[in-house]
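Q: Go ahead and model the full structure; you've got the sequences and the hints to work with.
Number of protein chains: 2
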Amino acid sequence: MLPTQHTWFSEFYQPEGVALAWTIESHLAHEVTDYQTIDIYKTTHWGHLMVIDGCVMLTSRDNFIYHEMLTHPALFSHPNPKTVLIIGGGDCGTLKEVLAHPGVVKVTQVEIDEKVTRLSERFFPELCERNQDPRAQLLFDDGLAHIQALEPESVDVIIVDSTDPIGPAEGLFGPAFIKDCHAALSHEGVLVQQSESPLLHLPLIEGIRANMRAAGFSQCETLGFPQPCYPSGWWSATVASKGGPLQPPTEARFNDAQLATRYYNPAVHAGALGTQLGLIER
Amino acid sequence: MLPTQHTWFSEFYQPEGVALAWTIESHLAHEVTDYQTIDIYKTTHWGHLMVIDGCVMLTSRDNFIYHEMLTHPALFSHPNPKTVLIIGGGDCGTLKEVLAHPGVVKVTQVEIDEKVTRLSERFFPELCERNQDPRAQLLFDDGLAHIQALEPESVDVIIVDSTDPIGPAEGLFGPAFIKDCHAALSHEGVLVQQSESPLLHLPLIEGIRANMRAAGFSQCETLGFPQPCYPSGWWSATVASKGGPLQPPTEARFNDAQLATRYYNPAVHAGALGTQLGLIER
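Read top to bottom, the protein sequences are chains A and B. Mapping the first sequence onto numbering that gives the first Met the number 0, position 123 (from 1) lands on 122, and the numbers just tick up by one. Mapping the second sequence onto numbering that gives the first Met the number 0, position 248 (from 1) lands on 247, and the numbers just tick up by one.
Simulated from the structure, these hints should not be mistaken for laboratory data. All clues stand as given, with none of them false.
Computed cross-link-like contacts, SDA-like style, restricted to lysine to any residue with a CA-CA straight-line distance of at most 25 angstroms:
#, chain 1, residue 1, chain 2, residue 2
1, B, Lys-41, A, Leu-278
2, B, Lys-41, A, Pro-2
3, B, Lys-41, A, Tyr-12
4, A, Lys-41, B, Pro-2
5, B, Lys-81, B, Gln-246
6, B, Lys-81, B, Gly-243
7, B, Lys-41, A, Ser-9
8, A, Lys-41, B, Gly-16
9, B, Lys-41, A, Gln-13
10, A, Lys-241, B, Ala-266
11, A, Lys-41, B, Leu-278
12, A, Lys-41, B, Pro-14
13, A, Lys-41, B, Gln-13
14, B, Lys-41, A, Phe-11
15, B, Lys-41, A, Leu-201
Chain A stretches covered by chain B per the calculated footprint, using a threshold of three residues with CB under 8 angstroms from any CB of chain B:
#, stretch
16, 43-52
17, 221-227
18, 254-265
19, 268-274
Beta carbons: idealized from backbone N, C-alpha and C, even for Gly.
A: Given below as structure tokens:
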């Protein structure tokens, strides 16, 4: 049991018998929306903590790794991404990273639950500081329906920044949605999906990869990275391409973009591409 | 609080307000030695768990990452390592990885607490399966005194596989010990030290790097990797070289070694070298 002289928020990840917990100073918000329950806590050492339906979404201290790794490998896997679509991503951390790319001319974010964004604006303002960029369009709508209504081959990069594959995000892990993404992507289009833990969720990752191959993507890679606030502290993004190979950018292209990344760089990108999925469970 | 219908082992990392916990089936061993208290638990999903003085040392499920990343970057940073010294490392997981290198002719392990190795033989036999290799010498002695008594320039690689810098391992994080390591290393010698979490322990890592520079090492790099069972799930090894640059092996050299690694490979090595320490806390 955890010490009782502290107030804790604990996420018990029952399927794998492991829990993560943070000491809490105060409970800042509790919202029950049409889709889910959202809580915001002030922690003692990790800044603010957002929890949806009991699952940790992000903390102020460590979200930079996830947002950088969901965004930059995908954008650099496209030769010249101009139009980007984010499905989910309501905390706007991914949006902020996408807008750091000077070549991007339009980013549409489709988050089903407006309350996630409103709470992020209040408690994670550093992630929302580019929300007023004229290139950004924030929609609050169903991502599945949005993708179906898109013109074919109209988007360069799609980023699926979802919650876990239960509840409102479940459809985002199904084959029909990935097929719709393939259709909406332009000639050299790239799709990236957050794909859970390489240590705990290999069958799920295999399912995502199978969906991508079945949809017609020619390349598919799963990139691992540390993510302290998620179960196992080891997380992944799976990237798929309609066109060319999935490679890190040249140093010149990376430097030209002038990103202020704290985790991502081309060497880290190459290392993440080296994640050896098939060997992890033995 | 964690659910009370389960039995838990929890490690509360108080300086950073975070805890990790596992559901437990049984408490297999409890030993109080001259140096520390050692506990072994059977978990529901992570195999066996070794705890020293309340801090998690390893689990059956995820120790492969730590042991591979403490061993292979250091050995491949030396042009032809023949003699290796392990300070600590009583669970023998590092020893097993070192012995996987066919060019190594002698490995000496100096663990202060014999009980750690005896318990590992019993509860982590997969890590001890090479302990009878004729190239291996297992000593149970004080690592600080052992290093001081070595002939100068007599070892190719030193691996400091210690517990946290409190208790018996404290001296292994001091400048005098690192100076002694430098003296004991051969011309192109390489030192590697487990160096805690890039997210939580940056000042400690900076101290290790300062010790290495002060001792006369010409190169020093901190390599990050996920390590699920340690606080933050993100850990590091700091490698220092007396001679050449710190680089991953060529594919040819890596393939020649025929290692059966599950996390490490040259791409992962290059990515870990890209860890951007100075930018993590901002």
